[in-house]
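Enquirer: Here is what each chain is made of, one letter per residue.
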Amino acid sequence: MTISHHPPEDLLADFAAGRLEEAHQLVVGVHVAGCARCGRFVQAIEQLGGLALEDIEPVPVASDAFEQVMSRIHDAPEKRAAPTAEVARGNEQDVPAALRNYRIGKRRRIAPGLSMRPIELSGSGTARAFLLRSAPGSRMLEHTHTGTELTLVLEGSFSHEGGRFGPGDFDYGDDEIDHRPVVGDEGPCVCLVAMTGNLRMNGLLGRLIGPFVRL
Amino acid sequence: MIAAIRALDAPIRAKAGFPRRLEARLSTGTSKGPNTKVDWADLIGRVASTREREAFKRLFEHFAPRIKGLMLKAGCSSDEAEEIAQNTMIAVWRKAGQFDPATAGAAAWIFTIARNLRIDLFRSRARADRLRGTSELPETPDPAEPADAVMSRVQDAARINSAVKQLSMEQSMVVRLSFVEERPHPEIASLLGIPLGTVKSRIRLAMNRLRDILDEEA
Chain A
1 MTISHHPPED LLADFAAGRL EEAHQLVVGV HVAGCARCGR FVQAIEQLGG LALEDIEPVP
61 VASDAFEQVM SRIHDAPEKR AAPTAEVARG NEQDVPAALR NYRIGKRRRI APGLSMRPIE
121 LSGSGTARAF LLRSAPGSRM LEHTHTGTEL TLVLEGSFSH EGGRFGPGDF DYGDDEIDHR
181 PVVGDEGPCV CLVAMTGNLR MNGLLGRLIG PFVRL
Chain B
1001 MIAAIRALDA PIRAKAGFPR RLEARLSTGT SKGPNTKVDW ADLIGRVAST REREAFKRLF
1061 EHFAPRIKGL MLKAGCSSDE AEEIAQNTMI AVWRKAGQFD PATAGAAAWI FTIARNLRID
1121 LFRSRARADR LRGTSELPET PDPAEPADAV MSRVQDAARI NSAVKQLSME QSMVVRLSFV
1181 EERPHPEIAS LLGIPLGTVK SRIRLAMNRL RDILDEEA
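Respectively, the protein sequence lines represent chains A and B.
If you're matching positions, the first sequence starts at 1 in the working numbering and goes up one per residue.
If you're matching positions, the second sequence starts at 1001 in the working numbering and goes up one per residue.
None of these hints come from the bench; they were simulated from the model.
The model shown is predicted, which means the values in this text are computed figures rather than measured ones.
Treat the hints with care, as some may be off.
Unchecked claim - Cβ pair distances, simulated, as ranges:
1) A/124 with B/1095: 21 to 27 Å
2) A/164 with B/1168: 35 to 41 Å
3) A/37 with B/1098: 21 to 27 Å
4) A/37 with B/1184: 25 to 31 Å
Cβ atoms here follow ideal geometry from the backbone N, Cα and C, with glycine treated the same way.
Here chain A stands alone, though its shape is the one from the complex (with noise of 0.2 Å):
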């Protein structure tokens, strides 16, 4: 997998220190978990944090904290949480692994050659995260978006002016960039994405299915 399409910097550094809202944590982390370069970008970044805790000036704990922690280290068997997603798992071919601690909704067509799947979040933030499953060689719909949108590719690929983005590329538009993507014709194209705000699909058959969009 050769990865051409990066995300920016300050996007990796405010991941790397927690600061990102969950559905851009989560598709900034995949990008991450399968690209070398910005695993180490990330990683010196967590070295400065390192630093910084190492530098910070200390702030005493509850006076009997450190009793706190040990009896509930000793009261607390040590197990791993169990995760808490039933639906969506084992039996599902095109659910990367590093989404598999999430819960996934059933796949919903908003257009012909076109459906996504809906990733359950704590609901902690303003983005939505979803799959989103496109037939080969089509041609997206001209959108332009309210908000921000990040797209990793998990298979198949699709170009837009911005060049082309194949599995592990990751592409960033904001309401300045106005979309045309065209889909590859090796295969479906299926990519995580994390938006805020709307899509705002141009033309009558995007005002059509622009409510569907929404999730």
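Assemble the complex: chain A is given as a structure, and chain B must be docked to it using the hints.
Expert: Using the frame of chain A, we list chain B on its own:
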């Protein structure tokens, strides 16, 4: 001011009237400072292998107040910061066996645990659960990592360490203040006594430089 910071690079000079805290912050912090004489990685190893309470206590006394300090800096309430500090130390005890000194420094490892617990706290709050209401620590789902990626991490560790050290002190500081402590740019500007525009450009330069160094050594 920049010249002043450079002068402080020589540790002795820092005593000249500089606030203690900033002096500490301006040290490189890389296993030379007064706080890092203790081999924290070794203590974590002892917690892992023999469940040694004394080793854990030393880790606790060093790191718990620092985690609390960092979380307060990053905008947590006092209760949240205390909770994250305690939960981080519980996780240090439980996950000590997973710590690999070849891939990460002790402080960086503990930083990532605290970071994940803070993320969990915000998410569980969003789910209207109380963290303390559940006996087990919720886990942030980690993106799955293939075994060969773990191997390459070991090989990368030295490279990453050297890249971080190649950042100038001003660059390292500005990244830490902005991303780790989450201070707004105007605050960083007044803290370092530099114009706002310089803060922004310095962050950008630091990011690019880090990326370049890491790419060069690839």
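Enquirer: The structure should be examined with respect to each hint, and the outcome stated for every one.
Expert: Hints, verified against the model:
no.	hint	in the structure
1	A/124 with B/1095: 21 to 27 Å	holds (24 Å)
2	A/164 with B/1168: 35 to 41 Å	holds (37 Å)
3	A/37 with B/1098: 21 to 27 Å	holds (24 Å)
4	A/37 with B/1184: 25 to 31 Å	holds (29 Å)
In this structure, every one of the numbered hints holds.
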